[in-house]
Amino acid sequence: MTYFPEEVVEHIFSFLPAQRDRNTVSLVCKVWYEIERLSRRSVFVGNCYAVRAERVALRFPNVRALTVKGKPHFADFNLVPPDWGGYAGPWIEAAARGCVGLEELRMKRMVVSDESLELLSRSFPRFRALVLISCEGFSTDGLAAIASHCKLLSELDLQENEVEDRGPRWLSCFPDSCTSLVSLNFACIKGEVNAGSLERLVSRSPNLRSLRLNRSVSVDTLAKILMRTPNLEDLGTGNLTDDFQTESYFRLTSALEKCKMLRSLSGFWDASPVCLSFIYPLCAQLTGLNLSYAPTLDASDLTKMISRCVKLQRLWVLDCISDKGLQVVASSCKDLQELRVFPSDFYVAGYSAVTEEGLVAISLGCPKLNSLLYFCHQMTNAALITVAKNCPNFTRFRLCILEPGKPDVMTNQPLDEGFGAIVRECKGLRRLSISGLLTDKVFMYIGKYAKQLEMLSIAFAGDSDKGMMHVMNGCKNLRKLEIRDSPFGDAALLGNVAKYETMRSLWMSSCNVTLKGCQVLASKMPMLNIEVINEWDGSNEMEENHGELPKVEKLYVYRTTAGARDDAPNFVKIL
Amino acid sequence: MSPPLELDYIGLSPPSAATGRADDDLKGTELRLGLPGSESPNRRPVTAIATTLELLPAKGAKRVFSDEVALPPPAASGKGKPAVPAAGEEEEEADEEDKKVVAPPQPAAKAQVVGWPPIRSYRKNTMATNQLKSSKEDVDAKQGQGFLYVKVSMDGAPYLRKVNLKTYKNYKDMSLALEKMFIGFSTGKDGAERQKDGEYVLTYEDKDGDWMLVGDVPWEMFTDSCRRLRIMKGSDAIGLAPRSGGKSNNKN
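Top to bottom, those sequences are chains F and E. Going by our numbering, 524 is the number at position 524 of the first sequence; the sequence numbering is gapless. Going by our numbering, 152 is the number at position 152 of the second sequence; the sequence numbering is gapless.
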């Protein structure tokens with residue numbers, strides 16, 4: 001192999017796009033390492049603090065697509081204090097210095113500033129795709145910079161970011177010469193956009209395949225836009241209130257008729273049932289439908305529409321659909337693969353129209369189901385066991401019973417057996433979130449059966465350290481473990497320290513881990529960062545504990561080659 | 001950041017009165033003011049939610065809870081977890097006042113565990129502005145009334161905006177939002193002037209076509225009758241704003 005010219009080796013490597021394979025290949029010898037790193041086109045950094053940005057840029061100067069993730073997952077639920085970190089700046093700066101061929105940047109849960117976006121827009125002449133998910137720290141001015149300076153922009157995808165609104169001018173910053181847009185998603189922008197600018201932008205974007213508008217876009221504007229986009233595959237509507245002009249009605253109906261490629265719909269802000277009737281003709285061709293931001297639609301509106309969506313593969317909906325509605329879904333959507341049912345009422349003692357019955361109905365009718373996120377107020381072991389038997393193909397199973405520690409509503413037993421059935425039957429399970437009343441037994445099952453499990457989320461569960469240790473010892477492929485409000489302490493934390501090197505991260509909050517335990521871990525495993533996060537003054541807490549060892553409120557452990565980070569705020573202590 | 005618009009005329013209607021009335025009318029309070037089980041009949045009875053988990057404030061009592069979890073699982077525990085001892089309960093009640101309830105407007109008694117349920121803040125915030133109505137009758141009654149867009153003009157601004165009055169719960173919300181929306185106009189000599197004396201008055205045109213000062217009537221009555229908004233220069237509004245003397249005070 002060493003006698004092959006580099007070009008040949010590089011060509012062979014081009015058949016290995018997967019990062020894992022390329023990482024393996026680069027370990028073989030120095031020559032291969034060099035060839036691989038110079039020909040690497042796509043880099044994925046799952047934890048921005050696991051490696052230094054400069055090092056990535058130095059090693060992979062020809063990278064075209066970079067993905068970086070910042071805060072831990074529980075940051076989504078406000079468990080990570082603001083100013084914790086996850087700054088995009090160093091990554092964009094390092095890339096600007098060392099990787100000028102960059103074309104695509106994807107970031108998730110990071111803090112991105114307008115200055116960084118400005119730098120991004122000016123540093124990469126071939127830049128074409130920006131995807132920001134659950135990020136914050138920037139405003140529409142940053143977007144204006146991207147629009148103005150990225151001449152080849154084809155994708156601007158903003159998903160659920162916190163964006164400061166500085167007015168509608170950003171959309172008007174796309175120059176007339178910009179005709180390359182393929183995907184534009186600004187659904188999370190809170191402010192208004194100029195309808196005329198939007199219409200003109202769409203008119204000069206013949207390659208537009210995915211368009212997600214924000215709530216401010218009226219039906220009138222939507223109608224005009226859709227006349228120009230017969231090749232649209234994915235649409236996020238603006239608001240669908242029934243306050244629109246009669247011409248729009250005709251425009252919309254005839255435009256939608258022509259959208260033969262439309263497969264996925266979302267938006268439905270403030271949707272009035274009247275507007276839904278426009279969508280009916282499209283239903284038969286839809287594979288994806290997101291109605292989870294439409295609390296104005298009741299169960300009968302929803303079922304009327306969904307019963308027509310016979311090809312549906314992905315459905316996101318609010319729990320007002322009710323168990324009965326889920327039965328309709330089960331009988332209509334035989335190809336369903338992913339279902340998410342969100343609560344319309346976030347309160348623990350509140351009311352939900354979905355129960356375990358709805359879930360069982362779905363499992364009976366949709367055997368292809370492989371991904372579930374289900375919020376409800378009650379569950380039974382029997383239901384879970386049935387679901388597991390009916391749907392052995394689950395790769396992602398997340399069940400959230402809103403009341404922490406709630407037992408099987410029929411038998412008052414813990415839900416150990418139910419979740420046990422899930423992990424036993426679903427051999428390909430990669431992601432699991434558990435809830436309800438759970439003892440150490442469920443973790444014994446998880447450790448024993450969930451061999452493909454990569455991510456596990458635990459809340460208010462377990463009896464003792466044994467629980468966590470079952471998981472740490474049994475789940476061979478575990479990469480991310482996040483735990484809150486569960487009685488796992490130092491023994492569990494230290495039970496299998498070598499495991500942390502094989503994982504991306506561990507999060508533990510409101511558990512029984514002490515500072516001493518963390519210090520022991522730090523001393524045993526120098527290649528880990530042990531972050532102890534205390535939002536308030538630690539000393540007061542310690543006194544309250546009657547002389548016991550001070551407990552750590554929030555702990556974040558991750559493997560890293562970068563050492564302790566230098567951007568940590570003062571409430572984060574890195575051991 | 002430029003200083004906020006001087007909108008202290010909003011304070012004319014006593015805040016407690018306005019909020020009080022708004023609260024009464026808010027469908028949100030229908031959801032729950034007391035213990036579960038005391039709501040409207042079509043609710044599914046939730047078994048003994050005496051778990052104090054929902055009342056746990058962010059700190060302190062969490063420690064108590066963690067200890068509780070360490071107990072062997074009580075087989076008969078329909079309540080999930082044993083109730084916190086009385087002393088703990090008092091502490092919780094005291095803390096409830098400070099507890100900030102994030103999502104739809106709810107009385108302080110519904111204090112929640114931080115970060116639970118695991119819903120992204122983006123979703124929580126978006127749904128909060130949707131003014132959730134979870135009871136069926138409300139949804140039927142309010143079909144198509146989830147919006148109330150009115151034009152907002154500001155003297156000196158090159159173009160108008162539109163706002164959805166349904167996304168605000170009270171005058172304060174609205175005035176903050178308008179502040180943010182028009183903050184972009186602090187450029188040029190007009191802006192400099194505005195920042196200096198900060199004298200703007202918010203007025204609205206009602207059903208009868210009359211221009212009224214915002215803030216006199218209860219919030220719900222205002223949203224029913226408001227057709228458009230106008231942010232007037234203070235100098236034009238001398239006749240309207242009663243506190244002509246105090247207008248130049250910076251109320252921060």
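Read the hints as simulated data drawn from the structure, not as lab findings. Warning: the hint list may mix true and false statements.
Which residues of chain E face chain F? A few of them, derived with a C-beta cut under 7 Å, are [what the hints assert, rightly or not]: (1) Gly115; (2) Pro118; (3) Tyr122; (4) Thr167; (5) Lys207; (6) Gly209.
Quick caveat: nothing in here was measured; it's all calculated off a predicted structure. For glycine and all other residues, C-beta sits at the position ideal for the given N, C-alpha and C.
Results for each hint:
{"no.": "1", "hint": "Gly115", "in the structure": "4 Å, holds"}
{"no.": "2", "hint": "Pro118", "in the structure": "5 Å, holds"}
{"no.": "3", "hint": "Tyr122", "in the structure": "4 Å, holds"}
{"no.": "4", "hint": "Thr167", "in the structure": "9 Å, violated"}
{"no.": "5", "hint": "Lys207", "in the structure": "17 Å, violated"}
{"no.": "6", "hint": "Gly209", "in the structure": "21 Å, violated"}
Against the hints set out earlier in the document, violations occur for numbers 4, 5 and 6.
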